[in-house]
Every structure is written in C-alpha cells, then in structure tokens.
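The task is simple: from the sequences and hints, build the whole structure.
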Amino acid sequence: MLSNQRIFMIVGSVALVMLSAIVHEVAHGWVAYKLGDPTAKQAGRLTLNPLAHLDPVGSVLLPLLMAWIGGPVFAFAKPVPYNPYNLRNPRRDEVLVALAGPASNLLQALVGSLAFRLAFASWSGAADALYWVLMALQIYVYVNLTLMFFNLIPLPPLDGSKIVMPLLHGSARQSYYKIQQYSMPILLVVLYVLPSVLGFDPLGMYLDATAGNLATLMMGA
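Following our numbering from start to finish, the sequence shown increments by one per residue and tops out at 501.
Keep in mind the hints are simulated off the structure, nothing from the lab.
Incorrect hints may have been included.
Straight-line C-alpha distance at most 25 Å; calculated DSS-like pairs for lysine-lysine [as the list claims (entries may be wrong)]: (1) 314 / 358; (2) 321 / 358; (3) 458 / 358.
In structure tokens, the structure reads:
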C-alpha cells in the first residue's frame, strides 16, 4: 500500500509538472504574438486552461509513469503553433520564442523558491499543513528547473536546438535539422535503455548537476 507521502509526491509531481509545461508552452505563443505572429492567439492557445494544451500521453501518462517509478518527472503539453514567417525578424525572433519557454520555467522556479523560503521561516518543524505546502513548493521548483534544463538540450525539436540552429549555416544546418527524426528514439535510449540495461544515466547525471544543484541553491535546502 502506498503511503500518504508517496501518493502526495506522485499526484503533486504530475499536477505541478503539467502546470509548468502549460505555462512553458503559453510563453512560447505569447512571445511569438508580441513579435508579430498571431497563430497561437488565433488557435486559442494563449490561455492557461489545461484543456487547450493537454496531450494525453505527454501531459498525463508520461509524468504519472515517471513519478510512479521514482525517476525525474517530465511532461510536455501540445506544442503551441507559430509561424516563423510572421515574425518581424525571423532569425532573431525564433531564438527569442525558443528561449521564452525555459525562461518561464526559471521565473516559476524563482517565485516558488521565494515562497518556499518565506514558508520555511514560519515552519515549526511539525508534520502539519505547512509541511505539505513546503513539499509542494520543493516539487514545483525542481520540476521547473528540470523542464528548463531538459528543454535547453540542443536536440531537435527541443528548445535548445532552436537556439543553436541560427548559429549554423548551409549543410551543417540541414544535417542538424534532419536529426529531428531520430530525437524520440534517442530520448528513449537515454531515458530508459541506458539506465536500465547499462546502469548509466547521463540524463539523470546532467539534471542532478544542473536542476538539482540550482534547486538546492535557490531554496537553501
């Protein structure tokens, strides 16, 4: 039987990662809109209503499974559509649109860590309601930093690839773009095959060194 704490961690992780992923996608669409592209607005995606963004696999099943097995919790919402040809300065603005998602996660982590520090200063140390608030805030901060650093990996179609792409030219750009068709198999190998078969978890090591350490620094715990 699952303990109350384990149930809270699973449900809380899934709910907060869904919220964080939705804000991430809305940020992409909002920045694109401000830079001249109305596609996301016209599609009704500049909203925090979960129904407009949820992907059954990426927003529910994947984070639920990963929370259940105790690994890092990932999720993705339906990508917000945008047309780079509508942007006022496509080469520059595509980078800004890509950066908007990770930047929104950093902002959420900063807000969450500030709330954590304020709440922790008032906590008596008892397993009371404030204890669960602190746990939720810890999850919220770590989830957002995880999403930020994960999306900054320069593997198509993650945001990091859209930041790197404008720096490439000619055949290098085309070759890099073609990697996108292999991105999901690569992610599956890194997420599951390497850790379970070889006992080597490069993604976990990367996230521990980045999201884990930064979360500890930001919350002081």
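Evaluated hints:
no., hint, in the structure
1, 314 / 358, "20 Å, holds"
2, 321 / 358, "15 Å, holds"
3, 458 / 358, "22 Å, holds"
Taken one by one, the earlier hints all hold for this structure without exception.
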